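Engineer: The task is simple: from the sequences and hints, build the whole structure.
Going down the list, the protein sequences come from chains W and P.
Counting from 1, one number per residue, gives the positions in the first sequence under the numbering used here.
Counting from 1, one number per residue, gives the positions in the second sequence under the numbering used here.
Just so you know, the hints here were simulated from the structure itself, not pulled from any lab data.
Remember, predicted model here, so these are calculated numbers, not experimental data.
Warning: the hint list may mix true and false statements.
In this list, chains with the same sequence are indistinguishable; a pair is considered to hold if it fits within one copy or across any two.
[Stated by the list, open to error] Straight-line distance between alpha carbons at most 25 Å, and here's what the computed DMTMM-like set of lysine to aspartate or glutamate pairs gives:
| # | residue 1 | residue 2 |
| --- | --- | --- |
| 1 | Lys61 | Asp468 |
| 2 | Lys602 | Asp166 |
| 3 | Lys197 | Asp595 |
| 4 | Lys3 | Asp82 |
| 5 | Lys594 | Asp166 |
| 6 | Lys602 | Glu160 |
| 7 | Lys594 | Glu129 |
| 8 | Lys268 | Asp337 |
| 9 | Lys268 | Asp344 |
| 10 | Lys268 | Asp166 |
| 11 | Lys262 | Asp344 |
| 12 | Lys197 | Asp293 |
| 13 | Lys197 | Asp337 |
| 14 | Lys594 | Asp476 |
| 15 | Lys183 | Glu261 |
2 protein chains.
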Amino acid sequence: MHKVMFLPHKRDIKVADGANLLRAAMDAGVHVNASCAGEGVCGKCRVIIEAGEVSGGISEKLSRADIEKGYRQACLAQVKSDLTVRVPVESAVDAGVLNARRTPRQTARIKEINLDELKEKGLFVPPVEKKYLELPAPTAQDNLPDVTRLVSYLKLNHAEHRLEVDLSVIRKIPRVLRQNEFKVTATLARPVQETGKTRIINVQPGDTTERNCAIAMDIGTTTIYGQLLDLRTGRILGEYGDFNGQISYGEDVISRIVYAEKPGGLEKLSEVVLATINKVIGRIIKKAGVDPDEISTITLAGNTTMTQLMLRIDPRSIRRAPYVPAATLYPPIKAADLGMALGDHVTALVYPAVSSYVGGDIVAGIMGSGVYRTDELTLYMDIGTNAEIVIGNREWLACAACSAGPAFEGGGIKLGMRAAKGAIEDFSIDPLTLEPMNITIGNVRPKGICGSGLITAVATMFEMGIIDSLGKFNRDLETPRIRKSDGIYEYVLAWKDETQIDRDVVLTEPDIDNLIRAKGAMYSGFMTLLEEVGLSLNDLDRVILAGGFGSYVDLEKAMIIGLLPEMDPAKVTYIGNGSLLGARMSSLTNRIRKDVVEVTRKMTNFELSETASYMDNYIAALFLPHTDTGKFPKLKARQEARKAGANPVKNGV
Amino acid sequence: MHKVMFLPHKRDIKVADGANLLRAAMDAGVHVNASCAGEGVCGKCRVIIEAGEVSGGISEKLSRADIEKGYRQACLAQVKSDLTVRVPVESAVDAGVLNARRTPRQTARIKEINLDELKEKGLFVPPVEKKYLELPAPTAQDNLPDVTRLVSYLKLNHAEHRLEVDLSVIRKIPRVLRQNEFKVTATLARPVQETGKTRIINVQPGDTTERNCAIAMDIGTTTIYGQLLDLRTGRILGEYGDFNGQISYGEDVISRIVYAEKPGGLEKLSEVVLATINKVIGRIIKKAGVDPDEISTITLAGNTTMTQLMLRIDPRSIRRAPYVPAATLYPPIKAADLGMALGDHVTALVYPAVSSYVGGDIVAGIMGSGVYRTDELTLYMDIGTNAEIVIGNREWLACAACSAGPAFEGGGIKLGMRAAKGAIEDFSIDPLTLEPMNITIGNVRPKGICGSGLITAVATMFEMGIIDSLGKFNRDLETPRIRKSDGIYEYVLAWKDETQIDRDVVLTEPDIDNLIRAKGAMYSGFMTLLEEVGLSLNDLDRVILAGGFGSYVDLEKAMIIGLLPEMDPAKVTYIGNGSLLGARMSSLTNRIRKDVVEVTRKMTNFELSETASYMDNYIAALFLPHTDTGKFPKLKARQEARKAGANPVKNGV
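Structural biologist: As structure tokens, then:
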């Protein structure tokens, strides 16, 4: 790690060797003009290296003289030692502006599964176990049937009672027993309920106890992620994600259901998602060098529509009022029967759902994150096109889905895009010149802006007064970056020749409006849920964010726009793909499988469209941060302090 | 019914209108010479109709004068009224011979399932039940998932608890519920154990409770029989049998196993037997006009090899010492998964086995015949190539298989054949002329002799002294019918021109020897089992015969040759296809399914080849009736009475 000191701000930050200097500045809360975001095109991110060493940072935008003076382009420079870097203040900016508090980006704490903790709590009890057995060979005096021999031995020597044997085991047992002198490994699948039976699901010749794996999988509308788990250690042996093949048949669940209603549509969508599932299975098995016969179990979680399509269950009533799913609990199903490229012995466990729009992915998140076991009142949010909200603790759980729209994933935003290479993901603005500092994924020229970039840009501009609480640009500012184009106000994030595309990358008022409506829907969602259970924001102990979106969001910015309630960012945790986490946890401990049915029953579903207060809350949330700024005391205090002092923009200080 | 009086015997019998007159004579115990058995070819069965009316009976073998005198050929004549029939005694046969007691053929009492009795005993509780339900339609306030709606309604209004729902039901429930305004029929499969769950296996729109069927099936090595049952009434709606398609791959279980050991052999045999099963299913469904969706369950029983081949379970260790089957209990399996042409909702229940050679067909017979519920000590025999013997009652059951060889099915007999058209199935002999009276199946010219005919012929000749206790012909008799051909003694049952084939139909000494060895194996089987459990023949309360063979055997004749222990024929019951009977009973009452596992455990298997006394008993049984005639007191008494009087044959009386 190297320490980088930025001057004249006197703000320092520690970064890894080789870190991009522009990103280091952003993370330190230091604004450096940078439209092109990382390919040296705009040439605006000139900084002077006063001490220490960087690699790169030189292009034809810098004269030989400049280079000798220590000028480098921050976007092209990598930190190679402790540094002192001076940001040339090219306009008259007073110390007040320099020190204008810019909180370093703070994303949610990422929560990982702690295997040791699980083991200590006795929670690491994989549902599938292997036992190596040396059976006596049959004789004329002892000619028990093969299965009876195995079962009796397990009873006598391993105190295994209430055993059931799968047909696939009966089919192969004569061969397997005789392949290695009646020395075999039996795979036992434990019952979820104590009253249940242990099933013998596989027999393999010799001792294979060292190889016992599970697959956990998230069946997302857009992406399917799989993890290969070692059931002895709990470790992840491999991981792979791929686009759900159903994407060609519709972007969202509604268009998929519409397709499924066509003749042969359901079968087609089922076939296509299974092809993706099999691709993911194939990849993780191959990458980890595991024999398919060593996979003992698979757990899958997905939203209600994805689950029904995968299981070939008619989804048509999901999209029609009163929004009825076919089922919320699914029986254990032989994976091969579903068309999965797994052994005959593998049972697929599919996470139960709560309702048509609070699916198994959310239940998995609640199980995996432990919300259902905690005393703390938790707000769980899985943010995406279809956002789901759960509030509760071990005692009770209330949940709802709200249609936030696709703004957080870049949808409905003029130059919005998913969080992929070239997306502006972080942003700062010079309060005086209104020049932007863009940080893109991959440090390449911008192609568009993704959800986290959008939130940061809107929050930053709002706090600086560049946009007002209605999301409208201050019409009085004089900068070519803010302009009216075809009657619509917009801010130019990057000029055409600084981008990867053939036009300017802009942020428009309708974009901001879409974001406000999306965050308004989310905010109204959890406010309505809280009200329905008679609680308020102050009662919340913590927030858990799930979903691809939450990983990189600047929490303070999300609070500024009113997407999250204003609270201590330390109380916000990010669990990543909650669906995958829950599927993984279920693979590692039977306890989850046992508890999940009860938890599903406990989760009270609220149909927001049927809840009168939802629309009121929504309307009230269509402001930055909210109609009632009393709900955002810190922001209000800052705004008032600023008013009392000076508006840095308007007053040009 | 008409009464037919035979003179000069003064013996009468009641027969149905249109009955064959030759058969009537045989059944009355009246000998009429009849080589050709029913096509008027030999012309020997001339009788005089002294009173009453027959139709037919006239051919070119009778002169106009004879006809006018009332002569008719018995084999061609049908009884149309009460008759007085004189059998012309063409040789000097004294009254002693005429009155030589010939017991009318007595076959075992056929036992049928008494449904009313089952219902009274509370035993008629089909494992699958239908319920018609009028569910409330969902509303915004009540938008339960479809499955939950169904399950809740059953709980609330039908006190149905502990319900499980099949995936196939989840798949179709959205469509089915909405097809007829949420009025549906649910099919419930009851658990075998009280602790188990009731499964909802099907939902159908509207009220279909009137149509609820089951299939019972016997998977025989040779033949596959299926029955379609109405689960509301217990009645048989249709029945069909066909040759097991595996016959082309070997006649017996051993050759089938040998074939199954070849690459792809097991898969082939499984495929072939399933094709036959599907053919049988298709036929009975079509004949009965039942929709395949109305079939709710199927129960199958077969010997251990047939079961393993059907389930695609490697059978190789069945045929190798120490004769180990893969399993004796099979889990419930989805019929469609096995390749059966039945709905997704149908579970196949496969009867458990005891050992490699006492299979599910025998267990089914024990369950179906009620042996396991009676206090009476019962000898149960399923006679065929592989004969199985069970002795016991409700307290205990001992069982064994013995390889009787195929003699009872006509195998290993020079002109032996299965019980098909043209097979001599009954026989009598004129003690003086040694002319035969052949009765064939279908009343056509003989093609050969089947098991029941063989037993009757050998028993009759033995009792008349034509063959001795070693099964050798009396060399002193002067008749062209007994001759030495290629060094082998034989009796000509029918001359070439009286047959359907191009040669004489004969019964040879090696044939008799084969029969003696077959019956010796059977006799030794039950004697050894009795000895092993410390009992004797006198302890037996009754005998149950099962299998195609037992239906037409003359019980007294079977006792004369020592195939059955000598006992009151009234104590012998014939249940027909025991395997099919058990499968049918299991379809009609869950009680059987519940008891069967316990019964299977109770059945102690004896490997006769490992039981020292078996060979001794076998050697002792290689005589007619047995070395120890003390075991056949009635036969011994008759023989002694005859010796004290006169040997009708030798003395020409």
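Engineer: Can you tell me if lysine 61 and aspartate 468 fall within 25 Å by alpha carbon in one copy, between copies, both or neither?
Structural biologist: Neither, since 37 Å and 124 Å both go past 25 Å.
Engineer: How would you label the pair lysine 197, aspartate 337 (within, between, both, or neither) given a Cα cut-off of 25 Å?
Structural biologist: both (22 Å within a copy, 22 Å between copies)
Engineer: Pop the pair lysine 197 and aspartate 293 into one bin, within, between, both or neither, using alpha-carbon distances up to 25 Å.
Structural biologist: For lysine 197 and aspartate 293, the Cα distance is within 25 Å only inside one copy (23 Å; across copies 31 Å).
Engineer: For lysine 594 vs glutamate 129, is the C-alpha pair at or below 25 Å within one copy, between two copies, both, or neither?
Structural biologist: For lysine 594 and glutamate 129, the Cα distance is within 25 Å only inside one copy (17 Å; across copies 30 Å).
Engineer: Should lysine 602 paired with aspartate 166 be assigned to within, between, both, or neither, using CA atoms and 25 Å as the limit?
Structural biologist: Classified as between: cross-chain Cα gap 23 Å, same-chain 33 Å, threshold 25 Å.
Engineer: How would you classify lysine 3 and aspartate 82 at a CA-CA limit of 25 Å: within, between, both, or neither?
Structural biologist: Classified as within: same-chain Cα gap 5 Å, cross-chain 125 Å, threshold 25 Å.
Engineer: Using 25 Å as the alpha carbon limit, work out where lysine 262 and aspartate 344 are close: within a copy, between copies, both or neither.
Structural biologist: between (32 Å within a copy, 23 Å between copies)
Engineer: When Cα atoms must be at most 25 Å apart, do lysine 268 and aspartate 337 count as within-copy, between-copy, both, or neither?
Structural biologist: both (16 Å within a copy, 21 Å between copies)
Engineer: Measure nothing new, just compare the shortest in-copy and cross-copy C-alpha distances for lysine 594 and aspartate 476 to 25 Å and report within, between, both or neither.
Structural biologist: neither (62 Å within a copy, 86 Å between copies)
Engineer: Quick one: lysine 594 to aspartate 166, C-alpha cut-off 25 Å, is that within a copy, between copies, both, or neither?
Structural biologist: Intra 22 Å, inter 19 Å, cutoff 25 Å: intra and inter.
Engineer: At most 25 Å between C-alpha atoms: does lysine 183 with glutamate 261 qualify within a copy, between copies, both, or neither?
Structural biologist: Between copies only: 22 Å across, 52 Å inside.
Engineer: At most 25 Å between CA atoms: does that hold for lysine 602 and glutamate 160 within a copy, between copies, both, or neither?
Structural biologist: Between copies only: 22 Å across chains, 33 Å inside a chain, cut-off 25 Å.
Going through the hint list in order, the structure does not satisfy hints 1 and 14.
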